[in-house]
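K.L.:
Spelled out from the first residue to the last, the chains are:
There are 2 protein chains.
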Amino acid sequence: MRYSFLVFENGSSYLCQMPMELTILGTSSATPTTTRHPSAQVLCIKNRLFMIDCGEGTQLQCMVHGVKFQRIERVFISHLHQDHYLGLLGIITTMNLNGRQEPFYIYGPKGLDEIMEVQFKWSSIVLNYALEFFELKDDGFQIIYDDEYLEVQSFPVKHRVPCWGFTFKEKSPFRNMKKGVAESKNIPIEAFKFLKSGEDYTSPDGVVFSFEELTELPKLSSYAYITDTIYLPELAPKLRGFDTIYHEATYLHDMLPKAEETFHSTAKQAAEFAAIAGCDTLILGHFSARYHEMGDHLLEATAVFKNTLIAEEGKSYAI
Amino acid sequence: MRYSFLVFENGSSYLCQMPMELTILGTSSATPTTTRHPSAQVLCIKNRLFMIDCGEGTQLQCMVHGVKFQRIERVFISHLHQDHYLGLLGIITTMNLNGRQEPFYIYGPKGLDEIMEVQFKWSSIVLNYALEFFELKDDGFQIIYDDEYLEVQSFPVKHRVPCWGFTFKEKSPFRNMKKGVAESKNIPIEAFKFLKSGEDYTSPDGVVFSFEELTELPKLSSYAYITDTIYLPELAPKLRGFDTIYHEATYLHDMLPKAEETFHSTAKQAAEFAAIAGCDTLILGHFSARYHEMGDHLLEATAVFKNTLIAEEGKSYAI
Chain A
1 MRYSFLVFEN GSSYLCQMPM ELTILGTSSA TPTTTRHPSA QVLCIKNRLF
51 MIDCGEGTQL QCMVHGVKFQ RIERVFISHL HQDHYLGLLG IITTMNLNGR
101 QEPFYIYGPK GLDEIMEVQF KWSSIVLNYA LEFFELKDDG FQIIYDDEYL
151 EVQSFPVKHR VPCWGFTFKE KSPFRNMKKG VAESKNIPIE AFKFLKSGED
201 YTSPDGVVFS FEELTELPKL SSYAYITDTI YLPELAPKLR GFDTIYHEAT
251 YLHDMLPKAE ETFHSTAKQA AEFAAIAGCD TLILGHFSAR YHEMGDHLLE
301 ATAVFKNTLI AEEGKSYAI
Chain B
1 MRYSFLVFEN GSSYLCQMPM ELTILGTSSA TPTTTRHPSA QVLCIKNRLF
51 MIDCGEGTQL QCMVHGVKFQ RIERVFISHL HQDHYLGLLG IITTMNLNGR
101 QEPFYIYGPK GLDEIMEVQF KWSSIVLNYA LEFFELKDDG FQIIYDDEYL
151 EVQSFPVKHR VPCWGFTFKE KSPFRNMKKG VAESKNIPIE AFKFLKSGED
201 YTSPDGVVFS FEELTELPKL SSYAYITDTI YLPELAPKLR GFDTIYHEAT
251 YLHDMLPKAE ETFHSTAKQA AEFAAIAGCD TLILGHFSAR YHEMGDHLLE
301 ATAVFKNTLI AEEGKSYAI
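For the protein sequence lines, the chains are A and B, in the order given.
Just so you know, we're using my numbering here: the first sequence kicks off at 1 and counts up by one.
Just so you know, we're using my numbering here: the second sequence kicks off at 1 and counts up by one.
Just so you know, these hints were derived from the structure itself, not from any lab.
Please note that a few of the clues may not be correct.
Unchecked claim - As a list, the in silico BS3-like pairs of lysine-lysine whose alpha-carbon atoms are at most 25 angstroms apart:
id, chain 1, residue 1, chain 2, residue 2
1, B, Lys-121, A, Lys-110
2, A, Lys-158, A, Lys-178
3, B, Lys-185, B, Lys-171
4, A, Lys-158, A, Lys-179
5, B, Lys-110, A, Lys-121
6, B, Lys-121, A, Lys-121
7, A, Lys-110, A, Lys-121
8, B, Lys-171, A, Lys-121
9, B, Lys-315, B, Lys-219
10, B, Lys-110, A, Lys-137
11, B, Lys-121, B, Lys-178
12, A, Lys-219, A, Lys-196
13, B, Lys-137, A, Lys-121
14, A, Lys-158, B, Lys-137
15, B, Lys-121, B, Lys-110
16, B, Lys-179, B, Lys-193
17, B, Lys-158, B, Lys-185
18, A, Lys-158, A, Lys-137
19, B, Lys-158, B, Lys-193
20, B, Lys-193, B, Lys-178
21, A, Lys-219, A, Lys-178
Stated by the list, open to error - Partner residues are not named here, just some residues of chain B that face chain A (Cβ under 7 angstroms, in silico):
id, residue
22, Glu-56
23, Val-64
24, Gln-82
25, Leu-97
26, Met-116
27, Gln-119
28, Ile-187
Since this is a predicted model, take the numbers as computed values, not measurements.
Using N, Cα and C, we set each Cβ at its ideal position, and we do this for glycine too.
When you get a sec, could you build the whole thing from the sequences and use the hints?
P.N.:
The following block contains the structure:
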């Protein structure tokens, strides 16, 4: 019941299987194809849903892949190119038609609020729920959301328009009991909640047991999202220790000049970034419409960073 | 070769089979479903493409159903609810990325230009082609486009925001030769072009043949598009003689109060409209997400107007 207050009442019974789970909804770059949609993904963190980018058609992608977008709590928009935000208004209006009442929080670049407001004005939409907009700041890593269980940061990347990446770090106000230790010392179960909260336990006969002896820090998941950007190796050390990094790989490396001209990255560069950062897993996405299948991206990246995955729409990845 | 100047050079070899052919891309109302997309359709008139409404995801629907949207000449937007225009910017930017140079003409309500401009501003898009916007007027039937071969009119309907219907009437500057008559009178082929243009022919021995005797008016197609609107029987007589009318049928008639409250129509009302107008064919669309299949809409409408069709996505209808 620890997280029960975080579960939306109007949501379905959908629960993600892992503490942090990423569902990919779109893997195309600027132009969609008949098999790839514009950028969008949903991060499920202890059954709270967070959306990252929201290209055209994302509401339908949610329906097709079983993501209950009515339950999305916050959305993070990287930049104001159409393939990253055009689906937002459709989701907002459909949530409204479906009776949403919980507030919806949007984190995005300056201008996204004006884009939304102009459309609300002309369509005479009055929402049943509060929409709160937070403007991203172009000044290094910024904590843009923080609570007991989660910290979200934004950081600028380099694209043709202002663009940001995001990090999601699971937090826990509680430590975990070390397996078998409490039992071996006859610590009563009633004492566990104090120990987990970082308080020592004194037994009825006056023996003090340190919480550090009996508990340990839990394994906490972390995820970084990086699109659209030119290769930024100087950023990678700042993401050291992250479990999973999603990095755009619009082109193969033989198209490096095109990547640089359009402020995008290649599969090889994404892999080099992951190698510097030392993450566990790299997920590649944001593929140019010129590529029909992603085998070459995988080959190119795994030559540099072995644990690389190709983002597949509708697939969920444990972080 | 009569219409060769109308065929876009950059288009594919796609040709519509009939003088006027309608391809349905979206049949849902406000909320899409996994099988129905927001409103959008393409009217092919002598191989020129015209789009009517452009809901979210229309560019992908074009790709899926083989409509070369790069060849679309003009788009007509009925109103500024999201399910009717959200796909427009995606199509505009993809056409740009794909090298469009021909101008693109948008006919829509006041405000659509501001919605586009705000987004161009924030995404720093500079188009390779001209975008021309024509604001619809709330004053009865208005000719909004006219050339030798086609006349398009807009007319206001009644919805929760300003909303328009559109009529498309094929025109021809030429008459057709009556079958066998010229041959029976030994009229030389060289005279045909004058006769078709409405000039009499005088034979070398001085006999005058009237163009009316030798030619006839061609059969010209006409189409009317009506969505989203409360039932407007007073409008129907103004559409008398149209071949095909597309009319929204958001609800079945047992939901008439809901239809009236939301300024929509029922299948029965759409059929009554078609019966008053006396069109050849009625196509129903814009179905509420509450309906999973449209058998009841068809039953309800055909009881009033026999030649009713249910709009099916990806299907083309000869007008």
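K.L.:
Next, verify each hint and record whether it holds.
P.N.:
Verification of the supplied hints:
1. Annotation: proposed proximity of Lys-121 of chain B to Lys-110 of chain A holds, straight-line Cα distance about 12 angstroms (limit 25 angstroms).
2. In summary, the hint linking Lys-158 of chain A to Lys-178 of chain A is not supported, as the alpha carbons are separated by about 44 angstroms, beyond the 25 angstroms threshold.
3. A C-alpha spacing of about 29 angstroms is found between Lys-185 of chain B and Lys-171 of chain B, which places the hinted pair above 25 angstroms, so the restraint is violated.
4. Proximity of Lys-158 of chain A to Lys-179 of chain A is assessed by CA-CA distance (about 46 angstroms); at most 25 angstroms being required, the pair is judged violated.
5. Under the criterion of a C-alpha separation no larger than 25 angstroms, the hint pairing Lys-110 of chain B with Lys-121 of chain A is consistent with the structure, at around 12 angstroms.
6. Of the pairs offered as hints, the one joining Lys-121 of chain B and Lys-121 of chain A holds, with about 18 angstroms between alpha carbons and a cut-off of 25 angstroms not exceeded.
7. Distance check on the hinted pair: Lys-110 of chain A and Lys-121 of chain A sit about 18 angstroms apart at the alpha-carbon level, within 25 angstroms; holds.
8. Taken as a hint, the Lys-171 of chain B and Lys-121 of chain A pair is broken in the structure, with Cα atoms around 39 angstroms apart against an allowance of 25 angstroms.
9. A C-alpha spacing of about 24 angstroms is found between Lys-315 of chain B and Lys-219 of chain B, which places the hinted pair at or below 25 angstroms, so the restraint holds.
10. Distance restraint check for Lys-110 of chain B and Lys-137 of chain A: the Cα-Cα separation of roughly 34 angstroms exceeds the 25 angstroms cut-off, and the hinted pair is therefore not satisfied.
11. The hinted pair formed by Lys-121 of chain B and Lys-178 of chain B fails the criterion: a straight-line CA distance of about 57 angstroms is larger than 25 angstroms.
12. Simply put, Lys-219 of chain A and Lys-196 of chain A have alpha-carbon atoms about 14 angstroms apart, close enough for the 25 angstroms limit, and the pair holds.
13. At most 25 angstroms may separate the alpha-carbon atoms for a hinted pair to count; Lys-137 of chain B and Lys-121 of chain A meet this at roughly 19 angstroms.
14. Under the criterion of a C-alpha separation no larger than 25 angstroms, the hint pairing Lys-158 of chain A with Lys-137 of chain B is inconsistent with the structure, at around 44 angstroms.
15. Among the hinted pairs, Lys-121 of chain B with Lys-110 of chain B is consistent with the structure: their alpha-carbon atoms are about 18 angstroms apart, no more than 25 angstroms.
16. A hinted pair counts as satisfied when its Cα atoms are at most 25 angstroms apart, and Lys-179 of chain B with Lys-193 of chain B qualifies at roughly 15 angstroms.
17. Distance check on the hinted pair: Lys-158 of chain B and Lys-185 of chain B sit about 55 angstroms apart at the alpha-carbon level, beyond 25 angstroms; violated.
18. A C-alpha spacing of about 14 angstroms is found between Lys-158 of chain A and Lys-137 of chain A, which places the hinted pair at or below 25 angstroms, so the restraint holds.
19. Under the criterion of a C-alpha separation no larger than 25 angstroms, the hint pairing Lys-158 of chain B with Lys-193 of chain B is inconsistent with the structure, at around 46 angstroms.
20. A distance of roughly 13 angstroms separates the Cα atoms of Lys-193 of chain B and Lys-178 of chain B; the hinted pair therefore holds under the 25 angstroms criterion.
21. Distance hint between Lys-219 of chain A and Lys-178 of chain A is fulfilled; the C-alpha atoms sit about 12 angstroms from each other, no more than 25 angstroms.
22. Because the smallest distance between the Cβ of Glu-56 of chain B and any Cβ of chain A comes to about 5 angstroms, under 7 angstroms, the interface hint for this residue holds.
23. A hinted interface residue such as Val-64 of chain B counts as satisfied when its beta carbon comes closer than 7 angstroms to some beta carbon of chain A; here the least separation is about 6 angstroms, so the hint holds.
24. The interface hint given for Gln-82 of chain B is met, as the beta carbon of that residue sits about 5 angstroms from the closest beta carbon of chain A, less than 7 angstroms.
25. For Leu-97 of chain B, the interface hint holds, the least distance from its beta-carbon to any beta-carbon of chain A being 6 angstroms, beneath 7 angstroms.
26. The beta carbon of Met-116 of chain B is not positioned within 7 angstroms of any beta carbon in chain A (closest approach about 10 angstroms), and the interface hint is therefore violated.
27. Hint status for Gln-119 of chain B relative to chain A: holds, with the closest Cβ pair at about 6 angstroms, below 7 angstroms.
28. Hint status for Ile-187 of chain B relative to chain A: violated, with the closest Cβ pair at about 53 angstroms, above 7 angstroms.
Hint violations for this structure: numbers 2, 3, 4, 8, 10, 11, 14, 17, 19, 26, 28, all remaining hints satisfied.
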